[in-house]
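Participant: Given next are the chains, with one letter for each unit.
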Amino acid sequence: MRERWLHLSPLAWFVVRRLLLGLVTLVVVSMVIFAATELLPGNAAQAILGLTTTPARLHAMELQLHLNQPFYTQYWDWFSGVLSGHLGHSLVDGRPVSSLLSNRIVNSLTLVVLAGAIGTAISIFVGLYSALHRGRWLDEVLGVVTLTLAALPEFVIAIGLVILFATVVFQVLPPVSIVPPGQTALASPRLLILPVVTLILATIPYTIRMLRASAIEVLESDYVAMARLKGVSSRRIVVRHVVPNALPSTVQVIALVLSWLAGGVVLVEYVFNYPGIGQAFVDAVSNRDAPVVQALALILAGFYVVMNLCADLAAVLLSARTRTSLQ
Amino acid sequence: MTGTVGMRNVADGSEALAVAPALPRVRRRRPPEVVVVARRALRLTKTKIGLGIVVFVVGFAVVGPFVASPPPKSIAGAPFSTASAVNWLGTDALGRSVLSRLLAGGWVILLCGVIAALIGVGVGAALGLMASWRFGLRDEFIMRSLDVILSFPPLILGLLLVSVVGPKLWLIVLAVALWHVPGTGRVVRSVALEVRRRDFVQMAEAIGVPTWRIMGGEILPNITSQVLVEFGLRLTWSIGLIASLSFLGFGRQPPAPDWGYMIYENLVGLSVNPWGVIGPVIMIALLTVGINFITDGIQRSVIGIVRESDAAG
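So the protein lines, in turn, are chains G and D. Quick note on numbering: our numbering labels position 323 of the first sequence as 323, and the sequence is numbered without any gaps. Quick note: to get our numbering, add 327 to the position in the second sequence (first position is 1).
Isolated chain G (complex conformation) (with noise of 0.2 Å):
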């Protein structure tokens, strides 16, 4: 019946379900964030004049921050002005979000960027590799190698990483990132070493897995067996099989790299002092700066659902088997 009304393919359809259910769960991520740091009364207030004020300051600052209007319409006018770039001034020192962030977003996406590009480059070839030699010793040893550093935090990667090439054992590299201000970090890119390192090791053991595992059920499948015995050469099968059939499992690791790398950037930043927006956050949340967390929030968080919306679209469009079923 849709489809008459619309003349649109089922897969058109989960498409464009996929992406309005997207849009509502930014919608509601936006609402979850203002709602959290709004929702104490009077705090953005008492936070701007301290505990020493008196009730008649702290009423007219609330009245100036709009903080006795209704919810529905606070949040609306945070929202249009996100909508509008307009990201509100943070509590601290009253600079607009918006210039406070400018290049820290820049650098952080530097970052994510780098480690996302390198890091799936790594888990392609180390995937494969392992599921072409699976059961030999190389393949058991990588096996150890990622569930150990799955189980790390990011932080304790970044100070490992930081004792071993910069401190403690070897003084190679810079154990702390400091940009001078003005600057992107890409002008001094012996600084980006350690930081992307860490982000590429702690994301790449999850993806090495998928990759893996998803070439092995190729490998085991009976088309390839099939052409095993038709005396198909195994380079050839590995090209013509097993890459085509891996490939939406590579876009949605990439995609999901890159939405793990948005929480993971926070930690990393912090530890190498590195001006990112994750650096940002971890301040405006110890100062309890309200508006500078909720943008900042909205952006890692955004920029998460985001890029889980392309992972499961890619998933779905690029493998055959889940797009004809929807045909």
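A couple of the hints might just be wrong.
What the hints assert, rightly or not - Heads up, incomplete: computed chain D residues facing chain G, CB under 10 Å, no partners named:
1. SER478
2. PRO494
3. VAL604
Quick caveat, the hints were computed from the structure, so don't treat them as lab data. Here the structure is a predicted model, which is why all the values come from computation and not from measurement. All residues carry an ideal CB built from backbone N, CA and C; glycine is no exception.
Model the placement of chain D on the given structure of chain G, informed by the hints.
Facilitator: The following block gives chain D in isolation, referenced to the frame of chain G:
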């Protein structure tokens, strides 16, 4: 294999007594599936290593506070003095004994991690089990609203709550537990749905066994090992998250000793007395890696048992 367990349960019920003699003989006291899984897991070297590590770290963290001497909050020497006969691992940023603080600073992270994982997996498993039974509008609503939690990276969720309430341990435990609920719910629901389709559950339903007894007596025993795997995974993450949050300074507040915050406190003195950082880093790493090894062993033996029962018919 698991099917016979359910058959026996039905045969014990009074309604089915007449049918019982016709059933093939089943061994009377078969150990529950969890025990079988645990025994198999323990045959793997990885599980044994993991268990050894975890026993060591837990023992260290539990016995530690009682043997820590000098007291972890007292000054034992100059700040960042190196290892000596008195202070085996040297002193920290304020001149307190690193070893004492290491001994006394583990149990909170451990306890909070276990509580968060227990609450999260418990509530998640209960919701997942209910959702697997009748998926009505109400369950759909519960699951969808919980999915909103999954739209936050766990650390961001914890930090968001801390920014409102302030750094409180109970809040961190609650945030981590809350984040575990939807993920566990999904896993348990999908596993329970599979068990639900089996004959013995259908039979129990047909002869009118109350729903809560089917869930508790038929489905739950058959998914215990999967829930156990989920618990292991989430325990690893819980400890990692709680350690991360206390590293950021939002966990147990100083001057109380805490592995996570110790790392932050002593980071500036890393090149003078590295033990103040290396000690807690190693303990946290051992704990999470050990638990993950055990979980992996259990997961492997669960998969093995499922494969065998599939092959057997």
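Participant: Where does the structure disagree with the numbered hints, that is, which hint numbers, in rising order?
Facilitator: Every hint satisfied by this model.
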